[in-house]
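Visitor: If you want the building blocks of each chain, they are given just below.
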Amino acid sequence: MAENKHKLLEVKRLTMDFGGLRAVDSVTLEVYEGDIAALIGPNGAGKTTFFNCITGIYNPTKGDILLHPKGLKTRRLNGLKPNKVTEMGLARTFQNIRLFPDMTVLENVMIGRHCRTNSGIFRAIVRGRGVREEEQQIIESSYQLLEKVGLAKFANEFSKNLPYGAQRRLEIARAMATEPFLLLLDEPAAGMNPQETTDLEQLICKISAEGEMAILLIEHDMKLVMNISNSIYVMEYGKKIAEGAPREIKDNPKVIEAYLGEETDA
Amino acid sequence: MTDMLQNFKKSILVSIWFVFLTFPLMVVRVNTMNQVVVWRWTNLVWVAIGSFVLSYLWRYMLARQQVRKKVADEGGEIRSKTQLLLEDMSFRYKAMGIILLAALVFPLVFDTYQSTIMISALIYVVLGLGLNITVGLAGLLDLGYVAFFGVGAYSYALLNHHFDLGFWISLPIGGFLGCLFGVLLGFPILRLRGDYLAIVTLGFGMIFKVVMENWDSLSFGPSGIANIDKPGFFGIDLNLANSTIYIYYIMIGMVIFTILVTTRLRNSRIGRAWIAMREDEIACVAMGIDIARTKLSAYALGAFWAGMVGVLFASKTTFINPASFTFMESAIILSIVVLGGMGSILGVIIGAFFLILLPEYMRAFSEYRMLAFGAAMVLMMIFRPQGIISNLRQTYEYKGSKEKINNG
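Same order as they appear, the protein sequences are chains A and B.
If you read the first sequence in the numbering used here, its first letter stands for residue 1, the second for the next number, and so on.
If you read the second sequence in the numbering used here, its first letter stands for residue 1001, the second for the next number, and so on.
These are calculated hints, taken from the structure and not from any lab test.
Each hint should be verified, as a subset may be incorrect.
To be verified - In silico BS3-like cross-links for lysine-lysine, where the CA-CA straight-line distance does not exceed 27 Å: (1) A:70 - A:148; (2) B:1070 - A:160; (3) B:1009 - B:1094; (4) A:153 - B:1009; (5) A:7 - A:70; (6) A:148 - A:160; (7) B:1069 - A:153; (8) A:206 - A:239; (9) A:160 - B:1069.
Unchecked claim - To give an idea of the interface, some chain B residues facing chain A are shown, with a C-beta separation under 10 Å as derived from the structure: (10) 1040; (11) 1050; (12) 1207; (13) 1209; (14) 1213; (15) 1261; (16) 1269; (17) 1271; (18) 1276; (19) 1279.
Glycine residues also receive a C-beta, built at the ideal position from the N, C-alpha and C atoms.
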């Protein structure tokens, strides 16, 4: 089935060492168009390190990260700066929320538009018609994104004053503003109550259904992962121990062992 | 009510304690010539009343601040009257008109001395607004900002001395040289943050001063450069009073230009990137913003104003030497930005007037002047740590907002 879908991201044998510690050990992963892929594993398995390697925050020790944008030629992401990776069409959110607290909700999303717009210093000073139009267009598109994630009524609030769940959704909106074709969500449901998690689930499904971006997420909430993702990768101690559809993963003995520990009385 | 009583009691205790402490100094005086002891009881009363009032006021203000903090923590927002006034556009335009008019007639009403003081205050307004870009908006601490000011001043002094270049040509040259040095400083410290950044910029400021003091063949060393031309006025020689007025008007123009440009920059795509970088660098780079370029542009554009106003400074004093560009100047400019409110343009302007005019007009208190000045700064930081004008919220017009207005 996956054969006729376009492959967007291809990670080949990615390895990341910190001194003597191998945090990620030759992990291979693929994300296809329209996918909601999930990366799961116990705490400290190297999932966030894996994300940081893909998004350019770390430079991986070994392996290849290949991006195949539709209609464009393949790019290797190793060693690119995070802002270049974002320009290429990969956007992410953070495990511990990293909003711009003293900017308004709308401004937070407007920052996401930065890499898709281009008026420079001198044009900003002169503030001609082109710049004003671009600015207005940034505002409108950012506001539409806020409507999409259900935060329009908070547009002019400082983002630090938002409730927790709303801050998470704002991070997603900010990432979407960079017009990615692959959205990387690092534990989007962490710290959410059941109601907020349900809302988030609907939001992720909605984004995916629009078909403009595939999603790769790290998550601990198994119910959420099983409900929405169509392929799951499991990591433990930096190694990939399983991959497949949700029901295959559910019954995989290795995964059960990783999560629940080895059965001693067998 | 109990709080008030409590404060009252504590203040009385404080006042008694102070009376006790200052008793030997303020009350008893032994006149050794006549072998008599003079008891100055009125002093005792003053100390008692003064310390009581100060202590009570102090406690009252602290209590008020606590209440505010509590409300803010619970998600509520306190919009003070000044803040609401500032967000009212028609009030803003009226106030701006009045201030502009007052600024224009100022030198015609007051004497040369007053105009000179005002010129130096305006110089610091521009310096504050420039540093506000680097420190207030982009969040990059800069303790060597005065070096850029010096670059501007020296570039005009030297160009004038060697090549007889005029003020108006040197003005942009000074600005661009400031810019260039901003980029030069920016490159090595792209990777630094916080404390380390502060130390390197401090060093840069020191280097500038030391080089200017010792490179005799270029800068004429500590003896400085004298006889720098004042700004030309269509080739007419102006007397001292008139040329002061002329420089005053140039300075007003420059301040307006600075305000205009920095406001536009802040409200642009670049300005938003600066603020985002200040708020969270990692999130900022993950959102596709080139940190290196953003940092360099913040340094360069901050330094530009210092370079330009440096040219004016040199032409105003007609003499410069390295002693004008000490760390103290950097510290004062930084205080202007912090005291005024980081990132707030209006705040920085008020801060500059406060910090430059206050010591000037407190000359009446002669030796207590700097003491009172220091105390004012300490009090300010305790009761308004966010600065005189804190972060004003920017609101935008979008389709949704227009519909709301039409429906409501």
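Visitor: Against each hint, give a clear statement of whether it holds in the structure.
Guide: Status of each hint after checking the structure:
1. A:70 - A:148: It holds: about 25 Å lies between the C-alpha atoms, which stays within 27 Å.
2. B:1070 - A:160: Since the Cα atoms of residue 1070 (chain B) and residue 160 (chain A) sit roughly 16 Å apart, the hinted pair holds (cutoff 27 Å).
3. B:1009 - B:1094: Between residue 1009 (chain B) and residue 1094 (chain B) the Cα gap is close to 47 Å, so the pair fails against 27 Å, i.e. violated.
4. A:153 - B:1009: It is violated: about 49 Å lies between the C-alpha atoms, which goes past 27 Å.
5. A:7 - A:70: 9 Å, holds
6. A:148 - A:160: Holds. Residue 148 (chain A) to residue 160 (chain A) sits at ~20 Å (cutoff 27 Å).
7. B:1069 - A:153: Given that 27 Å is the threshold and the Cα spacing comes to 25 Å, the pair holds.
8. A:206 - A:239: Since the Cα atoms of residue 206 (chain A) and residue 239 (chain A) sit roughly 32 Å apart, the hinted pair is violated (cutoff 27 Å).
9. A:160 - B:1069: The hint holds at about 15 Å.
10. 1040: Violated, about 53 Å.
11. 1050: 39 Å, violated
12. 1207: 27 Å, violated
13. 1209: This hint is violated: residue 1209 (chain B) lies away from chain A, its Cβ roughly 30 Å from the closest one there, beyond 10 Å.
14. 1213: Cβ of residue 1213 (chain B) sits 34 Å from chain A, so the hint is violated.
15. 1261: Result: holds, 5 Å to nearest chain A Cβ.
16. 1269: Holds. Min distance 6 Å.
17. 1271: Holds. Min distance 8 Å.
18. 1276: 5 Å, holds
19. 1279: Nearest chain A Cβ about 4 Å off; hint holds.
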